[in-house]
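Chain X is already provided as a structure; the job is to place chain G on it using the hints.
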Amino acid sequence: MVSFPENDAGAAVPEVRRILVLGGGSAGLLAALTLKRLNPALDVQMVRSTELGVIGVGEGTTAVFPAHLFQTLGISKEEFYREAQPTWKQGIRFLWGPREEFLYDFEFQYDRQFPGMPKPTGYYATGDCTDLSQATALMNRQKAFTTGPLGKPLIKGQYAFHIENHRLVECLEAIATRSGVVITDDTLDHAEMADGQVAALHFKSGERRTADLYVDASGFRAELIGKALDEPFESFSDALFCDRAVIGGWERTDEPILPYTTAETMNHGWCWQIEHETFINRGYVYSSNFVSDDDALAEFFEKNPKVTTKPRVVKFRSGRYQRNWVGNVVAVGNASGFVEPLEATALAQTIYECRWLAESLRVTGCRPDETNVAFYNRIIGIAWDEIRDFLAFHYKFNNRLDTPFWKHCREATSLGNYEGLYQLYREVGPNPVLLFHALPERPNIYGVEGFLAMLVGMQVPYDRPHDAAPQEREMFDRQRAQIASAAKGGVTVKQALDAIRKPSWQWT
Amino acid sequence: MTSRSVQHVVVAGSGTDAFLAAATLRRLLPGLQVTLLHDPSAPPPDPVGESTTPAVLQHLCTALGLQGNDIHLRGRPVWTLGFKAQWGARGTFFRSFDASFANGSSGFLAADDGLDVSSPGCALMAAGKLFPRDGANAFKPLENITGLNFRSDLLAGILLRACQTLGVTVRTGRIAGFTREPDTLQLEDGESLAADVFVDATGSEARLSNLAGNTAWIGYEDACVTSRAATVLRRRGSEPIRPYTTLETLATGWRWRVEHDESIGLGHAWHPDFISDDEACAELVAKAGDPTLTPRIHHWNCGRRREAWSGPVIAVGDASGFVEPLASLRIQQLILHVHWLARVLAESDGQPGDRSRQAYNRIVSQAWDENRDFHAIHYRFNTAADTPFWQMARATAALSDYSELVALYQSIGPSSLLANSLPTWPGLLGIDTWLAAMIGLGVPFRHHPEITAPEKKAWESQCQQRRQLAKQAVPAELCIGAARRAARPQPRVTLP
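So the protein lines, in turn, are chains X and G. Once you know that position 331 of the first sequence is 331 in my numbering, the rest is easy, because the numbers rise by one and skip nothing. Once you know that position 383 of the second sequence is 891 in my numbering, the rest is easy, because the numbers rise by one and skip nothing.
The set of hints was computed from the structure by calculation and includes no laboratory data. In this text the structure is predicted, and so the values were computed from the model without any measurement. Quick reminder that beta carbons are idealized off the backbone N, C-alpha and C, glycines included. Watch out, some of these pointers could steer you wrong.
Claimed, not checked - Computed list of chain G residues with no C-beta within reach of chain X, every gap over 10 Å:
| hint | residue |
| --- | --- |
| 1 | H516 |
| 2 | R584 |
| 3 | D606 |
| 4 | Q672 |
| 5 | R744 |
| 6 | A794 |
To be verified - Using C-beta positions, here's what the derived DEER-type ranges look like:
| hint | chain 1 | residue 1 | chain 2 | residue 2 | range |
| --- | --- | --- | --- | --- | --- |
| 7 | G | G938 | X | P115 | 21 to 31 Å |
| 8 | X | Q322 | G | G938 | 30 to 40 Å |
| 9 | X | Q322 | G | E958 | 28 to 38 Å |
| 10 | G | N577 | X | D463 | 42 to 52 Å |
| 11 | G | A724 | X | E192 | 48 to 58 Å |
| 12 | G | G938 | X | K156 | 22 to 32 Å |
| 13 | X | G127 | G | D730 | 51 to 61 Å |
| 14 | X | A374 | G | G938 | 17 to 27 Å |
| 15 | X | E101 | G | N652 | 46 to 56 Å |
| 16 | X | V313 | G | S911 | 42 to 52 Å |
| 17 | G | N577 | X | P115 | 32 to 42 Å |
| 18 | X | E370 | G | S969 | 31 to 41 Å |
| 19 | X | D43 | G | S969 | 31 to 41 Å |
| 20 | G | D661 | X | G127 | 49 to 59 Å |
Looking at chain X on its own, in the form it has when it is part of the complex (with noise of 0.2 Å):
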């Protein structure tokens, strides 16, 4: 028998069993939280600044967070529930493209046949797209959830979250305490290096920390892995133009809580809309090449004109690191890169970051090897990249306006790896057998439903529409009628909170 002498490289690789999160917002507890509870043996330690501030815009998130605060992390969701406040979102309200509105959401409008239909429902949905999922037939009538026995919201499904910053961090920095992380308050003074790697974390206290990984959470200042190790930033500048927000809002007096995310075509750029249970919160993306911050600022208070908080602008550069694991370095959240929240991706994408690096320890038994790294980079990129090329889509067809921004987007935006996909999408239509093999990278996120949804969404023409015939054309309708008609007794955002806080609710 031969030896391969190749395979014996991984040998030397040490064991990481002392973790620094340098960095306390909600990306760095995520991933404090994710590592401990994923490999209970690792030593987990939280360094945050109390100095420095924090972005604390409310969040939005996908179906992805629910899921892994409670089925990954096993986190109570009676606790997180009380004291992180969340209201529901089944997806986002797009006042986008042609239409006057379109919905997405995170089950699957597009991605699917009904039974029965000789063609997927893109076919069927250039004219009226609305009621193709449970979801989206929710939105519809601003319900939250549809109504189980005894009238109880039937609370599961692929639903998400608006929660509010401070209190998001309040309740995971209480249960990461918990669950063994030790967190400390300090600032960082500067990374001690050594042969291209960091050797140790000095503080302003004059602490100097060692870890045998350490996480950069440091939020847009990415201290480690830009800073420290000087680590290429790939910009997204060809796909995403937007540079700045003006964020703002006020206490919600009587309005509806709607449960989606609204995202707002505006002048130059784009508005989104936050529900959450008393507070309203706005914030305009717009690129400072096409508007003055006073001019968009005006804009904003004109459209808002209930904006009562003292509005501040926040500037931001769309890209990623080109790897986002070197050496003994792993960035995450906005350290790892930053995308505007068209798409609600912020928390999605870190927690996707955390679950590869706590899977990449877990089965390499904390001894990850070059092998690991790679792969970890690759997909992380890939991933990156995907959120990038999706929010291209959103631009690339958004005619509802003609302002210069909105004509500069229509021309300029590269749909980067997924021009393929578009092109197929010209000739094919929304047919997602085929624009599956489209899909220029495994794993992805979004997968076909994401992209489908934004062109079918704006009615970006393809070659040959579908012409129902009047009868397949009322079977199609009977269905969608179906799925409408287990969304009117559905229950209201405010009706849920109430359900929930009753004494005799239990979760399952």
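Using the frame of chain X, we list chain G on its own:
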């Protein structure tokens, strides 16, 4: 090509490739006119026959609607549960078609101990039996986990009959030329055949694709290391029928053995730098034990057409590419081509444009390249022999799309995480087949998870159950005899 509606397809070729393609297109697309152009004077197929995978039996039954009778009485196939490979670090391993290592710790457990009983198929093969006993006088034909070994002439016969039953227009003739606008096939008898698209199923000659100018080729020399083979068919005599296909490592290449009812197909693959044709043939004849046999020599050109579908001509099966018969995937590969062709035609309402064609080519290329890499690991990790040929093979065999999957396996072993590293989903083979091959080959990996005592115990008890099932199972001869005697071999066949 432009998007005009495809109403008439000509399938050209004279063997299994063409007959299967024509019958399948006709049955999957009932509105399509299918003309089969075949040349009865074409050289007969290699009598040595071939083994196949479960996907082929499924295709014959579900896509072509063939019944047990059609298959067993006319095709006289022999069931195969997988492979016995004298190969890799273990020296010998079984790879069954029902291997399932992608979840939990089963891959790690099997890699350590009990690979021979890691699935019902493996246990049956290791015991030399075919199907489990069912009561006192019957057996369970587990046809979902078996491939079939066919003699090519008999398989071609079944498929040609299927063409006729399904309403394929069968026409004989030889291709003389191909002209465009309008796209027309010229025949040697002076007539011509026009159609909307043409399926080139003429085998490795790829006559139609070559005439149409589609010659760009990607070679697999750095993955499929042998380039010649010799085959003989010998009489079985009284030797029992093995429930598997045998692969043997030889000093200068490798040998395969395909079971038929009354005969045995043997093949020897080699690289001409390491052994002469005469020596290789002599070795094969000596192995067959019958000096009167004359081996048939094959020159292999492993690789694929850069684009299987170019203009109005679609190359399928051997016309589209070729790899060595190390994994019995030839017909499964052909089925993938025909299925996707039917699918693209159906999904595009019979009007496939350039992008649909490109999507088809991408799917087909990826499947070929997966097959290529699958062969590459059999060379790269065969440490069963240390001869100059195998030293060359291990050094030469390179991975392309699947290099990450293999590198990751070398790090973390048969972990469920590996499925995320498959470049296509589900692909030609699927993660279970990849894992079964790498475990079987004994590809070493660096990280071994701790497996709890209860898990180990559960595994051992499952292994024991499978061993027991195999011990009481029924040998191939009895099953085959019963299937051919019974009018309907499913679902239960009574023993004679």
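Outcome of the hint check:
1. H516: 20 Å, holds
2. R584: Given a closest Cβ separation of 37 Å, the condition holds.
3. D606: 25 Å, holds
4. Q672: 30 Å, holds
5. R744: 34 Å, holds
6. A794: Its Cβ never comes within 10 Å of chain X, the nearest being 27 Å, so this holds.
7. G:G938 - X:P115: 21 to 31 Å: About 27 Å separates the Cβ atoms of G:G938 and X:P115, which means 21 to 31 Å holds.
8. X:Q322 - G:G938: 30 to 40 Å: The hint (30 to 40 Å, Cβ to Cβ) holds, given that X:Q322 and G:G938 are roughly 32 Å apart.
9. X:Q322 - G:E958: 28 to 38 Å: Since X:Q322 and G:E958 have Cβ atoms about 35 Å apart, the given range 28 to 38 Å holds.
10. G:N577 - X:D463: 42 to 52 Å: Since the Cβ atoms of G:N577 and X:D463 sit about 46 Å apart, the hinted range of 42 to 52 Å holds.
11. G:A724 - X:E192: 48 to 58 Å: At 56 Å between Cβs, range holds.
12. G:G938 - X:K156: 22 to 32 Å: 31 Å, holds
13. X:G127 - G:D730: 51 to 61 Å: About 54 Å separates the Cβ atoms of X:G127 and G:D730, which means 51 to 61 Å holds.
14. X:A374 - G:G938: 17 to 27 Å: 24 Å, holds
15. X:E101 - G:N652: 46 to 56 Å: With Cβ atoms ~48 Å apart, the hint holds.
16. X:V313 - G:S911: 42 to 52 Å: 47 Å, holds
17. G:N577 - X:P115: 32 to 42 Å: Given a distance of about 33 Å, which is inside 32 to 42 Å, the answer is holds.
18. X:E370 - G:S969: 31 to 41 Å: Since the Cβ atoms of X:E370 and G:S969 sit about 39 Å apart, the hinted range of 31 to 41 Å holds.
19. X:D43 - G:S969: 31 to 41 Å: Holds: the Cβ-Cβ distance is about 38 Å, inside 31 to 41 Å.
20. G:D661 - X:G127: 49 to 59 Å: Distance hint for G:D661, X:G127 holds at roughly 57 Å.
Checked against the numbered hints listed earlier, the structure breaks none of them; every hint is satisfied.
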